[in-house]
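Trainee: Given the structure of chain A, go ahead and fit chain B onto it with the hints provided.
Protein chains: 2
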Amino acid sequence: MTITELVGEIKKKKSFLCVGLDVDLTKTPSHLLNTEDPIFEFNKQIIDATHHLAVAYKPNTAFYEAYGIKGWQSLDKTINYINQNYPEIFTIADAKRGDIGNTSTMYAKAFFEDLNFDSVTVAPYMGSDSVEPFLAFKDKFTIMLALTSNKGGLDFQGKDLINNKPLYKEVIKTSLTWNNSENLMFVVGATKAEYFKGIREIAPNSFLLVPGVGAQGGSLEGVCEFGLNKENIGLLINSSRGIIYASKGEDFANAAQIEAQKLQAQMAKILADNNIA
Amino acid sequence: MTITELVGEIKKKKSFLCVGLDVDLTKTPSHLLNTEDPIFEFNKQIIDATHHLAVAYKPNTAFYEAYGIKGWQSLDKTINYINQNYPEIFTIADAKRGDIGNTSTMYAKAFFEDLNFDSVTVAPYMGSDSVEPFLAFKDKFTIMLALTSNKGGLDFQGKDLINNKPLYKEVIKTSLTWNNSENLMFVVGATKAEYFKGIREIAPNSFLLVPGVGAQGGSLEGVCEFGLNKENIGLLINSSRGIIYASKGEDFANAAQIEAQKLQAQMAKILADNNIA
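Chains A and B, in that order, give the protein sequences. If you want my numbering, it's the position in the first sequence, counting the first as 1, plus 186. If you want my numbering, it's the position in the second sequence, counting the first as 1, plus 186.
Hints are computed from structural coordinates only; laboratory data are not their basis. Treat the numbers as computed from the prediction; the structure is a model and nothing was measured. Treat the hints loosely; a few may be bogus.
Copies of one chain are not kept apart here, so a pair can be met inside one copy or by any two copies together.
Claimed, not checked - Here are the simulated BS3-like pairs of lysine-lysine, each with C-alpha atoms no more than 30 Å apart in a straight line:
1) Lys351 <-> Lys455
2) Lys256 <-> Lys213
3) Lys324 <-> Lys337
4) Lys416 <-> Lys295
5) Lys213 <-> Lys324
6) Lys434 <-> Lys263
7) Lys351 <-> Lys337
8) Lys197 <-> Lys383
9) Lys434 <-> Lys295
10) Lys337 <-> Lys448
11) Lys230 <-> Lys416
12) Lys416 <-> Lys455
13) Lys263 <-> Lys200
14) Lys448 <-> Lys434
15) Lys213 <-> Lys326
16) Lys199 <-> Lys416
17) Lys455 <-> Lys295
18) Lys448 <-> Lys359
19) Lys230 <-> Lys345
20) Lys345 <-> Lys359
Pulled out of the complex, with its shape left as it was, chain A reads as follows (with noise of 0.2 Å):
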């Protein structure tokens, strides 16, 4: 997928949602868990519910590799389930992966080739040549960790350097002088939207991925006040637990749509406030 298929989809969407697949069987509803792939089928159910008010899946891998060979399964199925019944879906594979080049380099074709991708998040810690490979891909995206909205997110992240720079603006600024560095977005938390200010300094043009609204107490208006970019949009907002889990119930995927419309709604309102769709 091109940058400008993906804003082409928000626009006509009018929403910037990513919706996180984070399955866990101990919060799915126990009615699934007689079918043969209980985290296929609940994953196919919200897909189908939610399709039209997002514009992204984000499965986190760690929720499949817990399940060992058959969660990979799972994840197999939902992408393909996914790149085959709705190929304008912008697909990541929430895996923070980063290692020494040519190891870089598998990871990149496992989930650029095999599993068909359109993006990976990485993280940034061993520098240029464990991301470059990544980048290489063209048409598929390599998300970075920048400034991440966790309890120890800014142990290191928000340490300032000699230059009095935090350590995440400085990621953010060396990675984009890397090659293919126009294949590059980051993940930024949302739990503090003045951070997407100094930012937007840097990256003016780049996507976003935040995460953090919502069940983690982020703003969906704070980030947009700062994080919106008139041009591209730039953001790529994810929910999981707020959505997938919005009921144990039978009607867990109606549930779902109907908080995902709530987030759709509040998107369609903020593009229209801002002249964009």
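Mentor: Positioned in the frame of chain A, the structure of chain B alone reads:
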């Protein structure tokens, strides 16, 4: 496994060698390609030929993920083979994982419980709550990236903080204050032996997993001069390509044994010179 058991094995074998099982089917002997599971068959023969010379094996998970579900089956068979036949071996899942708290717990369970590895490598970028879920497992070890030996390793790890300390030193120092930090080890590349001096000032007793000796140019003697701890040794020196790809012929396992033997002999001499074993 406990540290005391690991140190006991090192003294018994007079070796602190870790063999990296990074299996790339384009580099393995062609006669194995006709077997049912060439990756496992390769690993099995390498392990049988070197287990008395090494104290640890380290499969890099990228090489298995790259082959999809079949790759995960090969990894599963490999770790089971080691655990059943050579339970005295310390096993390392080189996965470089790290995510928000509840997600890191999923990864920890996958590697420590389902696959039953003794240890797993993790990335520090997301801070305390991305690593502590791994540290919570008793008699399991979490090997955190500190200073890596790849080309881009210093891009961020080498950046000086406002206190004039490079990031990798801050990462080591801070992480030693986390809960259950007695279960921490660190990845420190062998590129410059002098780095080990500064690291030993911060982490005098921690085990360091050291890639980059051999193929990547690091010197075993140099690393030991500054990195060896006379009480518990505190080093695991990894070699991957130099051992497992010593020959591409039918004699590959024997060739691997010869290379492992060379490193073990050097290690035995270093231990003797330091009056350790």
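Trainee: Indicate which option fits the pair Lys345, Lys359 if close means a Cα-Cα distance not exceeding 30 Å: within, between, both or neither.
Mentor: Close inside one copy (15 Å) and across copies (14 Å); limit 30 Å.
Trainee: Could you figure out if Lys434 and Lys295 sit no more than 30 Å apart (CA to CA) within one copy, between two copies, both or neither?
Mentor: between (36 Å within a copy, 24 Å between copies)
Trainee: Within, between, both or neither: how does the pair Lys448, Lys359 come out at a Cα-Cα threshold of 30 Å?
Mentor: neither (35 Å within a copy, 45 Å between copies)
Trainee: Could you place Lys197 and Lys383 in one of the four classes (within, between, both, neither) given a Cα distance threshold of 30 Å?
Mentor: within (23 Å within a copy, 56 Å between copies)
Trainee: 30 Å Cα cut-off: does Lys324 pair with Lys337 within a copy, between copies, both or neither?
Mentor: Cα proximity of Lys324 and Lys337: across copies only (23 Å, versus 35 Å in one copy).
Trainee: Given a CA cutoff of 30 Å, do Lys416 and Lys455 count as a within-copy pair, a between-copy pair, both, or neither?
Mentor: within (14 Å within a copy, 66 Å between copies)
Trainee: When no copy is named, should Lys230 and Lys416 be tagged within, between, both, or neither for a Cα gap of at most 30 Å?
Mentor: For Lys230 and Lys416, the Cα distance exceeds 30 Å both inside one copy (33 Å) and across copies (57 Å).
Trainee: Please work out whether the CA atoms of Lys230 and Lys345 approach to 30 Å or closer within one copy, between two copies, in both situations, or in neither?
Mentor: The answer is neither: 42 Å in one copy and 45 Å across copies each exceed 30 Å.
Trainee: One pair to classify: Lys213 and Lys324, alpha carbons no more than 30 Å apart. Within, between, both, or neither?
Mentor: between (37 Å within a copy, 27 Å between copies)
Trainee: Is the C-alpha distance from Lys337 to Lys448 at most 30 Å within one copy, between copies, in both cases, or in neither?
Mentor: For Lys337 and Lys448, only the intra-copy Cα distance (27 Å) is at most 30 Å; the inter-copy one is 47 Å.
Trainee: Up to 30 Å between alpha-carbons, please classify Lys448 paired with Lys434: within, between, both or neither.
Mentor: within (19 Å within a copy, 60 Å between copies)
Trainee: Can you tell me if Lys416 and Lys295 fall within 30 Å by alpha carbon in one copy, between copies, both or neither?
Mentor: The answer is neither: 33 Å in one copy and 43 Å across copies each exceed 30 Å.
In the structure shown, a violation is registered for the earlier hints numbered 1, 4, 11, 17, 18, 19, in ascending order.
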